[in-house]
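Asks: Produce the entire structure from the sequences given, and follow the hints as far as they go.
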Amino acid sequence: MWAKALWSREYAQARLFVWGVPVVHFLALGFGRLNQWILDPAAVGRAERYAGSGDILAAYQNGDLESFGRVWLLLAVCVLALVQFGTERRNGSQEFLFSLPYSRRRIFFTKWLFGASLIAGSLVLNTAIDMIVVAASPMAPLFSLNYHLTEIGYSAALLLAAYSAAVLIGTVTGTAPSQSVFLVLLGILPIGTYALLDESVRIMWNDRGFPDTFFYEELQDALNLSHFFFLQHDFVTWQKTLVFLLLAAALAAGGMWSYERNKPENNGKLILFGWLELVCQIGAIALASMFCGMIGAGLIHAGEARIGYAVGFAAGFAVSLLATSRLRKVRLKT
Amino acid sequence: MIQIHERSLLPIFEQIVSQIKELIAKGALAEGDKIPSVRELSAMLLVNHNTVAKAYQELERQGVIVTVRGKGTYVAKAADAPGMLQERLTGLREQLRRLVVEAHHLGIGEDQLKRWVEEEIGRYRREEDAHGLQSAQDD
Amino acid sequence: MLTVCNLRKTIDRKPVLRQVSFSVGPGQVAGLVGRNGSGKTTLLKTMAGIFTPDSGEVRYGETSIAAHPEAKREVVFIPDSPEALYGYTAYGCADLYANIYPRFDMLFFKETMKRFGLPLDKNIRHFSKGMKMLFSTGLGIATRAQFVLLDEPTNGIDPIAKKQVLTLLMEAAADGTSLIISSHLLDELERIADKVLLLKDGTVETYETGDEANAGIAKLQVVFRGEAPAAWLASPEVKVLEHVGRVYTLLVSRAPSSSAYGELEAMKPLLMEPLPLRLEDLFAWKLGGPSNVG
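Keeping their order, the protein sequence lines are chains B, D and P.
For reference, each letter of the first sequence is one residue, going 399 to 732 in this note's numbering.
For reference, each letter of the second sequence is one residue, going 4 to 142 in this note's numbering.
For reference, each letter of the third sequence is one residue, going 3 to 296 in this note's numbering.
Treat the hints with care, since some could be wrong.
Below, computed lysine-lysine pairings styled on DSSO-like, alpha-carbon distance capped at 27 Å [what the hints assert, rightly or not]: (1) D:Lys57 x P:Lys164; (2) B:Lys661 x B:Lys402; (3) P:Lys202 x P:Lys288; (4) P:Lys164 x P:Lys112; (5) P:Lys221 x P:Lys288; (6) B:Lys731 x P:Lys16; (7) P:Lys116 x P:Lys131; (8) P:Lys165 x P:Lys112; (9) D:Lys80 x D:Lys37; (10) P:Lys112 x B:Lys402; (11) D:Lys29 x D:Lys80; (12) P:Lys131 x P:Lys165; (13) P:Lys116 x P:Lys165; (14) P:Lys202 x P:Lys221; (15) P:Lys241 x P:Lys270; (16) B:Lys661 x P:Lys202; (17) P:Lys241 x P:Lys288; (18) P:Lys241 x P:Lys221; (19) P:Lys124 x P:Lys165; (20) P:Lys124 x B:Lys402; (21) P:Lys16 x P:Lys202; (22) D:Lys37 x P:Lys165; (23) D:Lys74 x D:Lys29; (24) D:Lys80 x D:Lys57; (25) P:Lys16 x B:Lys661; (26) P:Lys131 x P:Lys164; (27) P:Lys165 x D:Lys57; (28) B:Lys731 x B:Lys661; (29) D:Lys57 x P:Lys221; (30) P:Lys221 x P:Lys270; (31) B:Lys727 x P:Lys16; (32) D:Lys29 x D:Lys57; (33) P:Lys131 x B:Lys731.
Stretch by stretch, here's where chain P covers chain B in the computed footprint (C-beta under 8 Å, at least three residues) [what the hints assert, rightly or not]: (34) 405–411; (35) 483–492; (36) 650–663.
Partial selection, computed: residues in chain D whose CB lies under 7 Å from chain P [unchecked claim]: (37) Ser45; (38) Val50; (39) Asn53.
Hints are computed from structural coordinates only; laboratory data are not their basis.
Yeah, the Cβ is synthetic: ideal placement off N, Cα and C, and Gly gets one too.
Replies: Put into structure tokens, the structure is as follows:
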């Protein structure tokens, strides 16, 4: 599957990333550790305290630095996916690639592998640096290989999934702006939808929204995608890692399926596939209506909140129907 | 050298054939001169190479040019070119006709024209003799 | 042999290509003509594998390029602007192409760039339009692919660069490369092309150049006896190209089903002289007319 020309082209387009990303990652992780444990004059004292209590987690700040690193990597892979898929539609690059003697599958795979390698490479490099820093610092006695390995495994799985998601969005949207927007939406959509549904249920049926059970607590956590990036070390489990790996594989497969069916003549449309446009339209209308219903319930005090909700819902429905229909016809200039 | 006239009634390959023959008749191309290859002429005139090839085939058939494998295409010897001779004779007759017409327009009478022709023939013969004497003297 | 077979392509619910079939052999130069918006670029891009046809196929030899994209090593597409390669130097592009096309001729490419005074180490984004086209054409020919597809290669470039591009193409054709060139410049195409592909209403009609006789049209210079027959002149089987004084330049259908030519003969005109049919006339006959304003 190795095609030198395709790799060199990816590299030519993303040269900045290849060098910038590990550096930024280092600032978050290795340098952070360095700062804390070698540069800081109080380090030695702290090390003695932790050594006394055997508190490895505290010494490693329960994964704070790794979280920091994950967030930067998330930003990087989103922008990379934008460069690899979104901008290509605009400057004739995608058409150029499609005219070459390579299958679309191969082109996609090269791109994805490039991103995946960047993630893996930066993680490996920076974890190694981190390990060296720890081993050379006053907290060396508390060094835990298991800690580093758990963190790197989890981060890799999580970021591969995030990257695959960004890539998938890149293969179904026809412009760089719509790719960015949908990417952001994807981040807030799960928890946002939950919140809207919860509020709607509260207003329309009972006064408590979704029940206060364990299931719903867990669900909220899971839907709040950002929390996975800030996950503290004691919550990192191999189950989560596995789920994200599987998710990464599924999303990547979806991206490949979609890329093979890409129609360059549709570049410039916000969403490339007609059926997907419809799905997004329905979803957008549903969410917008609920949102406006909520506002309506808050604004209109004509007796029951339900009335205000209904009015808001109807208004939201109409406006979003019009707006989304318009958006479906939009074609940005390529 | 060769100019293709797009508005002409002649197909392009015929224009090439006749223009090459004209160049030879005028003396611009002499016996043994190398003419451009099909590829070169095609690029020079911006004419499809098959068309040029067709013209060259015709010229070769008429004995006007000859292709030496590995070396190139050359103007053939006049003796080998019966087609050329015919062409040149026709050209000469046409020139004569044009002279006759022009003379008529200028009001020069038949007798005057015939006298002029004889004078020119006489002058030419004297020049040839002088040249002959000259070369004999130089030897 | 590059064969296009029953190609159909709809874009934005409009059928751009309806039933396109033709073939181009080795060493042939084919000119693709049609009104603006008739689908020339769509056809070329579908042949290059950029667009996927709704039905039908494009074959290199016996191999469908949709099923086997590697076959496209022999089919290279040169768009009217090399914007995908902005940011590379000429040398960088050659390097990239050398990794893609196994027979890439680096020596030829360098010589061509030198011949036309194009710098190898400058970003091609800064080239003038003429330089860009010259560069793209040289790059495409240097791949030594059997078929080179060009989308309006001489559009909007100065006459000197245009001549240079055409010279390069003629040399490549003489060396055995097949060219498919979409163009509006009928005079040029007439000289350089072996065959003309006329794209109209989503289908392609093939004509061999120099053999317009088989197009079923006669071009005539006519002077009528007496009054010019307005009704006959207005018939769809007759087209008036020019009308100066009493002299008409006409295109008259010679299709077996048409009686127009016979009718003209029956009128016993004072003058009825055949003229050579030019590509321009064919274009006007097939693609001109109020229903075809594009």
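Asks: Take a quick look at whether Lys202 (chain P) and Lys288 (chain P) sit within 27 Å of each other, Cα to Cα.
Replies: holds, 8 Å
Asks: For Lys37 (chain D) and Lys165 (chain P), compute the direct alpha-carbon distance and say whether it is at most 27 Å.
Replies: holds, 24 Å
Asks: Need the status of pair Lys29 (chain D), Lys80 (chain D): alpha-carbon distance at most 27 Å?
Replies: Holds: Lys29 (chain D) and Lys80 (chain D) sit about 15 Å apart, inside 27 Å.
Asks: Is the straight-line distance between the alpha-carbon of Lys661 (chain B) and that of Lys402 (chain B) 27 Å or less?
Replies: holds, 25 Å
Asks: What's the verdict on Lys165 (chain P) and Lys112 (chain P), does the C-alpha distance respect the 27 Å limit or exceed it?
Replies: holds, 20 Å
Asks: Please verify whether Lys80 (chain D) and Lys37 (chain D) have alpha carbons no more than 27 Å apart.
Replies: The hint holds at about 12 Å.
Asks: Can the restraint linking Lys112 (chain P) and Lys402 (chain B) be considered satisfied, given a maximum Cα separation of 27 Å?
Replies: holds, 22 Å
Asks: Quickly compare the C-alpha distance for Lys116 (chain P) and Lys165 (chain P) to 27 Å and report which way the hint goes.
Replies: Satisfied, since the Cα-Cα distance of roughly 17 Å is no more than 27 Å.
Asks: With the threshold set at 27 Å, check whether the alpha-carbon distance from Lys57 (chain D) to Lys221 (chain P) stays at or below it.
Replies: OK: Lys57 (chain D) and Lys221 (chain P) at ~25 Å, within 27 Å.
Asks: Taking 27 Å as the top limit, are the C-alpha atoms of Lys221 (chain P) and Lys270 (chain P) close enough?
Replies: Distance of about 17 Å is within 27 Å: holds.
Asks: Could you grab the alpha-carbon distance between Lys124 (chain P) and Lys402 (chain B) and see if it respects the 27 Å cut-off?
Replies: holds, 23 Å
Asks: Checking one constraint from the list: CA of Lys731 (chain B) to CA of Lys16 (chain P), max 27 Å. Satisfied?
Replies: holds, 19 Å
The structure meets every hint from the earlier list without exception.
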